[in-house]
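Asks: Work the whole structure out from these sequences, hints included.
Residue numbers (our numbering), protein chains in the order written: chain S, 12 to 472; chain U, 1229 to 1509.
What the hints contain is simulated information worked out from the structure, not anything from laboratory work. Yeah, the Cβ is synthetic: ideal placement off N, Cα and C, and Gly gets one too. Among the hints, a few may not be true.
To be verified - Result set (DSS-like, lysine-lysine): computed pairs, CA atoms no more than 27 Å apart in a straight line:
| hint | chain 1 | residue 1 | chain 2 | residue 2 |
| --- | --- | --- | --- | --- |
| 1 | U | Lys1483 | S | Lys277 |
| 2 | S | Lys316 | U | Lys1483 |
| 3 | U | Lys1422 | U | Lys1392 |
| 4 | U | Lys1483 | U | Lys1422 |
| 5 | S | Lys118 | S | Lys19 |
| 6 | S | Lys277 | S | Lys201 |
Stated by the list, open to error - Which bits of chain U does chain S cover? Going by a derived footprint, with three or more residues having C-beta under 8 Å, they are:
| hint | region |
| --- | --- |
| 7 | 1247-1259 |
| 8 | 1262-1274 |
What the hints assert, rightly or not - Example chain S residues on the side facing chain U (calculated, C-beta under 10 Å, incomplete):
| hint | residue |
| --- | --- |
| 9 | Ile223 |
| 10 | Thr227 |
| 11 | Phe252 |
| 12 | Glu258 |
| 13 | Phe264 |
| 14 | Asn267 |
| 15 | Glu282 |
| 16 | Pro408 |
Chain residues, written in single-letter form:
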Amino acid sequence: MADMNPKKTPMPEQDPKVRARNFQEVTTGYTAEMAQTEAARCLQCKKPLCVQGCPVNVHIPDFIAKVAAGEFNEAYNVITSTNTLPAVCGRVCPQETQCEARCVRGKKGDPVGIGRLERFVADWHRENSIPETAAIEKNGRRVAVVGSGPAGLACAGDLARAGCDVTVFEAFHAFGGVLVYGIPEFRLPKAVVRNEVTGLMEMGVEFRQDMIIGRTLTVDELFADGYEAVFIGSGAGLPQFMNIEGESYLNVFSANEYLTRINLMKAYLPEYDTPAPVSRVVTVVGGGNVAMDAARSALRMGAEKVFIVYRRSMEELPARAEEVHHAMEEGVVFRLLCNPTRVLGDENGRCCGLECIEMELGEPDASGRRRPIPREGSEFTIDCDTVIMALGTRPNPLLHTTTEGLDADRHGCLITDETTATTRKGVFAGGDAVTGSATVILAMGSGKKAAASILEYLKNK
Amino acid sequence: MFTICEKRRLNSTVTLMEIEAPVVAKKAKAGQFIILRTDEYGERIPFTIAGTDPEAGTVTIIYQTVGRTTMQLDTMEPGDALQDFSGPLGKPTELEGIRRAVVVGGGVGCAIAMPVAKALYDMGAKVDIIAGFRSRDIIILEEEMRGMCDNYYIMTDDGSAGEKGVTTDKLKALLDAGEQYDMVIAIGPVIMMKFVVETARPYGVPTMVSLNPIMIDGTGMCGCCRVTVGGKMQFACVDGPDFNGYEVDFDELMKRNGSYKAQEAEAKQHICRLTGGVRHG
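Replies: Laid out in structure tokens, this is it:
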């Protein structure tokens, strides 16, 4: 009989006042007892709706049953039969719109804490299990994976398990893509990412950093070098600006730059050389997870006050509910229904404020969300010394502009069919490079799908 | 890791380094750059490729010690290895169709101008070089550059070598004398490039400049290197580094390049006083 407590087992977390000034992980994770208590809330539905809500169809009731029984290693095996990166997904997936949104328990009270349980299982496995060294039978096929983000890691993992010789090419000096340059340490510890990469290395996947495919080597050169198929998981790294007056003032950053300085270059640690942006009052423009990450990073870098400016209302805010909740707890101030009109600068060209205009919501637009309309004459100024633009990103054009026959749409997204095959023979693609900025789990799911398609392609080749 | 195989002082603050990076050496073209990190704690810093030897698998960079990272780099010797060395980045300089060019190099900018001049000269163009320095003692690459042009002019602020004056004085004199150039290529301090453009403008000679904004990734990801060209935002790392000089907002670039001056000065002091340039034990 399931535990009928309507509330989720609370997640232990650092006190908001304390954590807003440090980079340690905000939530500290369930203990085994908490996990078993929460697992007991699962009704073990015969037709589990939660599984349909998961982009990679994790067998959720099965793994939760194993957790309830204290069989954590078995639970891990159930999850990883369809999800390559559970420690990551358990932390960063928008569960409230996916698995947990469908949970029957959510109709009266809280849904089962599926994300928290997934994270617990992955963390338990990382700390307690002995890495398996099952010998993989090699098939002698060589595949190149471009990009070491969630799509690339998932694809490389499945290909390696199937016996392929896989090389992952990464443009940066560190592996993990957006997991290391974008998502901050306090939300996704880099040790978790490193662990996933190390696991693949132990499986025989070769990782090469500082390799910018399209520049250092082209896709054609990869084929000439003997790779039989190429997977492109190069993400969506190109930042967007608003094209308003004053965006070139000093201390106006793309969220990519701000977060890259802090996360990838570790500017928050004194022993690293990359200068950290120093700010007193920060305004972040945008309402997605990246905006929340930038705002919360700004607090941790010492800002006295941090605003989020978003042109729609709380209801339309695209960020994960947990991130919004955490940001508010930490003291981030939300200025909703307003939009920047220009950045103000002082005589030295340094940002000193952001002029905004109030918005109201009109009829729904193409995205189905109500269109924000400016209220004439309602301009006001937020005094701030830093502005961070978190307006979404687009794929980098480097690959399709340097690869003959590889087509992209007008947004720069690579064109693929339902098998993830691109317009160029032997080249497959997935993740944000195809969809534009989306989620880790979707990227991972498409990486796995591409791996299956590549295996099929190699078999028929 | 990328081993340093040669290090040679060109003047008191400018140094040439050859680094083993076979893949980059094979691919690099004039005008492109690399990004390096000295060690695990280092910044990602861009350097224009000053030359390559594809057979030996080496890439040459020329740097001036100005801040923390270049001072750190300067403590490294042949046999030491750099943590990262990635490239070639940026678009190669477009030289097609140029038959007669004047290349204007300012100070250490001559190191960046050199591969462009060489590429032009090698493809049979007639090349004049105007190289500007503060004084005789900091002249670099004179011999090398003389070997890749038809006319080589040195300008010094104090007249201690070549003619007394700045590069734009010479450029104006040449243009006034009726020299017909297909292209002026200016590489050096932002202020010099700005004035080269203003000098060339009345004569209507197309002028190309190579920009050097602050960068992190060098692949189009951070937007830190954004510059305004023709009223539009461009990223120097992927849309450049070369741009039509007539369209560049140089004043904005100068301000943006000063972003980290205070921190840079502090870091420099820090490194000198405490570690003499060697850190982390």
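Asks: Does the nearest C-beta of chain U fall within a distance shorter than 10 Å of the C-beta of isoleucine 223 of chain S?
Replies: For isoleucine 223 of chain S, the interface hint holds, since the closest Cβ of chain U sits about 6 Å away, which is under 10 Å.
Asks: Take the C-alpha atoms of lysine 1483 of chain U and lysine 277 of chain S, compute the straight-line distance between them, and say whether it is at most 27 Å.
Replies: With a Cα-Cα distance of about 25 Å, the restraint between lysine 1483 of chain U and lysine 277 of chain S holds, given a limit of 27 Å.
Asks: Have a go at the glutamate 282 of chain S hint: is there a Cβ in chain U nearer than 10 Å to its own Cβ?
Replies: With a minimum Cβ separation of about 6 Å from chain U (threshold 10 Å), the hint on glutamate 282 of chain S holds.
Asks: Closer than 10 Å between Cβ atoms is the bar; does phenylalanine 264 of chain S clear it against chain U? Give me holds or violated.
Replies: Cβ of phenylalanine 264 of chain S sits 8 Å from chain U, so the hint holds.
Asks: When you check the alpha-carbon spacing of lysine 316 of chain S and lysine 1483 of chain U, does it fall within 27 Å?
Replies: Since the Cα atoms of lysine 316 of chain S and lysine 1483 of chain U sit roughly 26 Å apart, the hinted pair holds (cutoff 27 Å).
Asks: Do three or more residues of the region 1262-1274 of chain U come closer than 8 Å to chain S, measuring C-beta to C-beta?
Replies: holds (count 5)
Asks: Below or equal to 27 Å on CA atoms is what counts here, so check lysine 277 of chain S against lysine 201 of chain S.
Replies: This hinted pair holds, its Cα atoms lying about 11 Å apart.
Asks: Could you grab the alpha-carbon distance between lysine 1483 of chain U and lysine 1422 of chain U and see if it respects the 27 Å cut-off?
Replies: holds (13 Å)
Asks: Tell me whether the statement that chain S covers the region 1247-1259 of chain U is true, taking a Cβ distance below 8 Å and needing three residues at minimum.
Replies: Held - the region 1247-1259 of chain U has 3 residues with a Cβ nearer than 8 Å to chain S, which meets the minimum of three.
Asks: Would you settle whether the hint for phenylalanine 252 of chain S is holds or violated, based on the nearest Cβ-Cβ distance to chain U being less than 10 Å?
Replies: Hint holds; phenylalanine 252 of chain S Cβ to chain U Cβ min 6 Å, cut 10 Å.
Asks: Quick check on the hint: glutamate 258 of chain S CB to chain U CB, less than 10 Å?
Replies: This interface hint holds because 7 Å falls under the 10 Å limit.
Asks: Let's test the interface hint: is any C-beta of chain U closer than 10 Å to that of asparagine 267 of chain S?
Replies: OK, holds: asparagine 267 of chain S within 10 Å of chain U, min 5 Å.
Comparing the model with each earlier hint shows no violations; every hint is respected.
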